[in-house]
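Read off the chains here:
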Amino acid sequence: MYKIITKNLNLWYGDFQAVKNVNASFSENKITAIIGPSGCGKSTLLRIFNRMNDLIEGVRTSGEIIVDQENILDKGIDLVDLRKKIGMVFQRPNPFPLSIYENVVFGQRVHNSLRKPELDSLAENSLRSVLLWDELKDKLHKSALSLSLEQKQRLCIARLVAVKPEVLLMDEPCSTLDPQATQRIEELMRELKNNYTIIIVTHSMQQAARISDDTGFMLLGELIEFGKTDNIFTNPLDKRTEDYITGRYG
Amino acid sequence: MQLNMRKVKEFIVEKLILICGLASIFFVILIFIFLAKEGISVFKSVSPFKFLFGKSWYPISEPPQLGILPLILGSLLVTLGAAIISVPIGIACAVYIAEVAPQKVKEILKSGIELLAAIPSVVLGFIGMVTLVPWVKSVFHLPTGLTALSGSIMLAFMAMPTIVSIAEDALYSVPKNYKEGALALGATHWQTIYRVLLPAASSGIVAAVMLGIGRVIGETMAVMMITGNSAVIPNTILQPVRTLTATIAAEMGEVVVGSEHYFALFAIGIVLFVISFAINVTADLFLHKRK
Chain A
1 MYKIITKNLN LWYGDFQAVK NVNASFSENK ITAIIGPSGC GKSTLLRIFN RMNDLIEGVR
61 TSGEIIVDQE NILDKGIDLV DLRKKIGMVF QRPNPFPLSI YENVVFGQRV HNSLRKPELD
121 SLAENSLRSV LLWDELKDKL HKSALSLSLE QKQRLCIARL VAVKPEVLLM DEPCSTLDPQ
181 ATQRIEELMR ELKNNYTIII VTHSMQQAAR ISDDTGFMLL GELIEFGKTD NIFTNPLDKR
241 TEDYITGRYG
Chain B
1 MQLNMRKVKE FIVEKLILIC GLASIFFVIL IFIFLAKEGI SVFKSVSPFK FLFGKSWYPI
61 SEPPQLGILP LILGSLLVTL GAAIISVPIG IACAVYIAEV APQKVKEILK SGIELLAAIP
121 SVVLGFIGMV TLVPWVKSVF HLPTGLTALS GSIMLAFMAM PTIVSIAEDA LYSVPKNYKE
181 GALALGATHW QTIYRVLLPA ASSGIVAAVM LGIGRVIGET MAVMMITGNS AVIPNTILQP
241 VRTLTATIAA EMGEVVVGSE HYFALFAIGI VLFVISFAIN VTADLFLHKR K
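As you go down the protein sequences, you meet chains A and B in turn.
Take 1 as the starting number for the first sequence in our numbering and just add one per residue.
Take 1 as the starting number for the second sequence in our numbering and just add one per residue.
Excised from the complex, chain B in its bound form (with noise of 0.2 Å):
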C-alpha cells in the first residue's frame, strides 16, 4: 500500500516538473507565432526587401515609408562601437583578475563587476545624459551630444560584466597544468598568457563576447535616451542614431492598433528576436566546443 502512494508521489511530482519544463518552451513559441503573426502582415503592403533596405523610416506620413535601414545601422554602429570598447578592456579585466590580481583585489574587482550588472540600465542612461553626452559635445565640438558614440560608451559599460565574467571563468577553468607546463619551459607570466592560457579560453573567450554583444544589442533604455533618436542612416559615429529596440519602446505607445505602423513595430521585433538568436547560438556553439 505505502509502496504504491509513493509511486502516485512520484509520478505526480515528476509530471509537475516536466510540465514546468515544459511550460517555458511553450511560452517562447507562443510569443514568437505572435510576433511573426503580426509582424508578418506588414509585407502585405510592403517588400521584405524595401522593409529590410528601404532607407526612409517616416511611419506616420501619408502614405507610410516603412524602410528600417537606418534603424539597423544605427543599432549596429552603436553594438559596434561597444563591442570595440569593451572587448579589448574586458578581455583585459578578465585576465588580470583571473591571473595577475592578488586574492584580495580579485575579491574587490570581482563584486565590483556584479555590481555594475546591477545598475539599471535606465540610471546608466540618465548619468550618461547629464555627464557622458555634454562631455562628448564639448569634446567634439558638436552641435548636440546625443550621439551613437555616447551610446557605445554606455552600452559598453553594460556589456562589460558579462564579458568579464564569462572570460574569467573561461580563463580559470583553463587546467592549472598547461601554466605550469609553460612556466617550466621558462616562458615569463605573460608569454604564458598569452601563447598558451588565451588559446585554451579562446571558445569561452568568444562566447563572452557574443553574449555581451547580444545583451547590447537587445538594450533599450540607454540608447533610446542618450542616442538622440534619429532615423537617417548615419555616415559617422558623431551623429545621432535610433535603434531597433528604442523605435520599438518609442512609438508602441502612440501606434493605432492594427495600422502597418502597428505591423511594422512587430516585423522590427522579427528582425530584433532573429539577430539575438543567431548570436546566442553562435555564443552556445563555442561555449559547447569547450567541452
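So here's chain A without its partners, still in its complex pose (with noise of 0.2 Å):
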C-alpha cells in the first residue's frame, strides 16, 4: 500500500528549480529516507508533503502529490487538515517556549475543545510512546526550553503524535543530537512506524541503511534511485548512486 504517490512532481524558488521531475510511491507503515548530498532538494521535497514551502515567497510547483486518492497540491486543499494528516518534525528541536504539558496538548488545543481529563491523559500517551513519560510526568509544568536536546527532539515528536496523524516527516531529525540520542531517536522510529508512515531525510547514510525500509538518492533535485533500502546499498543501478554510497563525493 503506497500512502503518498508523487507524480512529475517539480518546484521551483523563483528561478531556480529545487526540485526535478519526481516520480516516487512511499509506502505505508514503513520507514522510507531520502539521502543526497547538501543542497540536494531532499529537504525541499519533504517538505512539500504538508505544503511548508508555501511560507516561502515565490515558490511555484507542478505535478501532483496523491495522498488517499487527493492531490494536495490543489488550490482548494485545506492546509490545516493535510498538517494535521501530515506533520513534520524539525531539524533543530522546536518547542515552544510554554510549558512541557501545554507543547503536548498544543494540537489538540488548536484543533478540538477537549476537557482537562482527556487533554491529561493524551499528554500522558504522548509522552509515553516517545518514551518520556516516566522522566517527565513530575514536571510536566517546567518549561520545554529547560530540556535536554534529546528530550526537546522527543518532545516535539509527542506533539505531533498527539494530533494523530498518518504520516511523520522527519528533517534531518538527529542531526544535533550525539550518538547515543541518535541511536535510542531510532530506536523509537522503528516503534512509531507500526502505525505511522515516516519519511526521513538524513545526512548520514548509516543512518538511513539502519533503519529504512526504502530509500531514495536525491542529487541536484533530481531523485536519481529509488528502491528497496537493501538493493540501494547492495546494489545501487545508477553510477552517481554507487559513487555517493561508496563516498566519492557528498
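Hints are computed from structural coordinates only; laboratory data are not their basis.
The structure displayed is predicted, hence computed values, not measured ones.
Possibly wrong hints are sitting among the right ones.
[To be verified] Here are the computed lysine-lysine pairs in the DSS-like style, where the Cα-Cα straight-line distance is at most 27 Å: (1) A:84 - B:179; (2) B:289 - A:142; (3) B:110 - B:176; (4) A:116 - A:139; (5) B:179 - A:164.
[Claimed, not checked] To spell it out: a stretch of chain A is covered by chain B in this simulated footprint if at least three of its residues, at any positions, have a beta carbon under 8 Å from a beta carbon of chain B; those stretches are: (6) 48-56; (7) 80-93; (8) 99-113; (9) 149-161.
From the three backbone atoms N, C-alpha and C, an ideal C-beta is built for every residue, glycine too.
Bring the two chains, given one by one in their own frames, into a single complex with the hints.
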C-alpha cells in the first residue's frame, strides 16, 4: 500500500528549480529515507508533502502528490487538515516556549476543545509513546526549554503524535544529537512505524541503512534512484548512487 | 620607539573614551543631587505625607497649600487612559506589521510610524487643541473639551510609535522555527500568533508597553495644552486635570526662587524622576529577561 505518490513533481524557488520531475511512491507503515548531498533538494521535497514551502515567497510547484486519492497540491486543499494528517519534525528541536504539558496538548488545543481529563490522558499517552513519561511526569509544568536536546526532540515528536497524524515527516531529526541520543531516537522511529508512515531526510547514509525500508537518492533536485534500502546500498543501479554511497563525493 | 608612540596613542584614546563614558553618569548624578537638594527643602514646611497625599494644591495662597495628590492622580489618569487606548492598538499594529502585512505595506507602515514619532509634541498639542478638544466637547456635551480624555487620546498617539516599534522588534526576533512548528501542527496563522508568537515575545512586549508609558508620563507640552490644567482631584476622565509635568512647566517661570513653592516644584520633579525610573527599570528587567 502506498501512502504518498508523487507524479512529475517539480518545484521552483523563483528561477531556481530545486526539485526536478520526481516520481516516487512512499509505502504505508514503512520508513522511507531520502539521502543525498547538501542542497540536493531533499529537505525541499519533504517540505512539499505538508506544504511548508508555501511560507516561502516565490515558490511554484507543478505535478501531483496523491495522498489518499487526493492531490494535495490542489488549490482547494485545506492546509490545516493536511498538516494534521501529515506532520513534521524539524532538524533543530523547536519546542514552544511554553510548559512541557502545553507543548504536548498544543495541537489538540488548536483543533478541538477537549476537557482537562482528556487532555491529561492524551499528554500521558503521547509522552509514553516517545518514552518520556517516566522522566517528565513530575515536571509537566516546567518550561520545555529547560529540557536536553534529545528530550526536546522527543517532545516535538510527542507533540506531533498527539495530533494523531498518519504521516511523520522528519527533516534530519538527529543532526543536533549525540550518537547515543541518535540511537534512541532511531529505536523510537522503528517503534512508531507500526502506526505511522515515516519519511526521513538524512545526511547520514548509515542512518538510512540502519532504519529505512526504502531509500531514495537525490542529486541536484533529481531523484536518481528509489527502491528497497538493501538494494540501493548493496546493488545500486545508477553509477552516481554508487559513487555517493561509497563516499566518492557528498 | 614607534611601538611606544602607538602605546601612548592607545592610552590617550582609551582614557578619553573612559572620560566620555563617565561624564554621562556624572551628569545624571549631579542632576539628581541638585534635584534632591532643592526638593527636599520643601519638607521643612510640609511633611512628606502631607505633600504626597494632600488634596489641595494652592501654592500661592497664604499660607501655601502644597498637596500634590490631585497632580499625581491627574498624571495617572491621563497615562492610564493613554495606555488603554494605545496598548491594544499598538500591539495589534505590531502584530500586523510583523506577521500579516505584505512587504510593501510593511515598509510604508514602518516609516509612517517613525514619522509619527517625529512630530514635535507641541505640534500634536495644538492639533489636538483645534480638532480633538472641540470634538470631545460636542460628543460628550461638556462645558469644555479640555479634559483628561483629550490628553489621553493625544498621548496615545505619542506612545504608539514606541510600543509598535519595540513590540514589532520583539515579535520579529521570535525564532522562525516556533512559527514553523506551530503551522506544521496544523495551527492557523492566527492561532500561531496568539498561542506561540505572542507568548514567546511577551517580555519584549511588556517592555514596549512600559517604555511607551514612560514616554507618556514624562510628556509635558501636549498635556499642558489640552488637559485644562485645573488642579482638582478628577472624578471622571471627562474633567480637566493637571499633571505633574504641566505643573512644573507652567509655574517654574513665575515662582520666587527659594520660596516654598519653588522647593515644592523641585520635589514634584523628584516624584516624576522616581516614577520614570521605576518604569524604565521594569522595562529593562523585561528586556533582559528576553535575552
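Numbered hints the structure breaks, given as an ascending list: none
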